[in-house]
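A.B. asks: Sequence:
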Amino acid sequence: MLFLAAGTLGCIATTGRTFSEFLARRSWPVAQGHVTDVRVRSYTGPSSKDHVPHYFVEYEVRFIVPAEQCLTGTTFVIEGEPPLCEGIARTRTTDSQRLANSWFERHRFNPAVGVLHDPNGPGIKIVGEPADLVYPWKEIYLMSGWMIFFGTLFIITQRRLQYLKTLPEEYDSSPPPRSQPRADDLTDMKLS
19 MLFLAAGTLG CIATTGRTFS EFLARRSWPV AQGHVTDVRV RSYTGPSSKD
69 HVPHYFVEYE VRFIVPAEQC LTGTTFVIEG EPPLCEGIAR TRTTDSQRLA
119 NSWFERHRFN PAVGVLHDPN GPGIKIVGEP ADLVYPWKEI YLMSGWMIFF
169 GTLFIITQRR LQYLKTLPEE YDSSPPPRSQ PRADDLTDMK LS
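If you count by the working numbering, then the sequence shown holds residues 19 to 210, one letter each, in order.
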């Protein structure tokens with residue numbers, strides 16, 4: 019039951035992250051912009067058990083929106099040009115440096131991008147990113163497998179408990195003793 023509860027909490031967290039990403043990609047306004055810098059970043063986990071480096075890519079982007087819609091905190095004004103809003107879009111994390119480097123190459127030589135910007139906060143995302151880059155598939159599969167395994171185990175346990183409750187109190191699972199020995203039974207000769 020404890021494992022099922024832990025899995026439920028994990029599923030809720032993963033579903034929340036996935037749904038918020040999906041909702042942002044469907045409802046945030048899009049602005050035209052360009053990538054000004056790309057960096058692969060890494061960190062190690064906060065605990066001593068998590069000593070594996072984790073990688074993600076930061077895309078520094080500038081995009082054109084009215085000044086009152088720029089909630090990232092940084093605006094560039096170039097004479098004769100509309101103001102440019104600047105922000106940082108981040109990919110999800112991965113344990114593979116090679117995968118992070120492939121994400122790095124996606125916008126390195128093609129700086130013109132569509133930028134999703136949060137109308138109520140500083141969040142930004144790049145338009146048209148593939149689903150394997152955006153959604154946490156590893157966590158989705160892990161939590162799905164966890165819930166299927168422990169949910170099945172829970173159902174089997176509950177059915178077994180229901181069956182055991184139907185048995186009489188004096189039920190003995192050992193076979194009844196035989197009263198008559200058969201011809202092929204071994205006999206104790208008691209030679210001592």
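Check before you lean on any hint, since a few could be wrong.
Claimed, not checked - Cβ pair distances, simulated, as ranges: (1) I82 with L22: 28 to 38 Å; (2) L117 with K183: 43 to 53 Å; (3) T62 with A85: 31 to 41 Å; (4) T54 with N138: 21 to 31 Å.
Hints in this document: simulated from the structure, not taken from any laboratory.
Ideal Cβ placement from N, Cα and C applies to all residues, glycine included.
A.B. asks: Given a hint of 43 to 53 Å, does the C-beta separation of L117 and K183 actually sit inside it?
C.D. replies: 52 Å, holds
A.B. asks: Tell me if the beta carbons of T62 and A85 are separated by a distance inside 31 to 41 Å.
C.D. replies: About 39 Å separates the Cβ atoms of T62 and A85, which means 31 to 41 Å holds.
A.B. asks: Is the hinted range of 28 to 38 Å satisfied by the C-beta distance from I82 to L22?
C.D. replies: 50 Å, violated
A.B. asks: When you take the CB atoms of T54 and N138, is the distance between them in 21 to 31 Å?
C.D. replies: With Cβ atoms ~24 Å apart, the hint holds.
The structure shown violates just one earlier hint, number 1.
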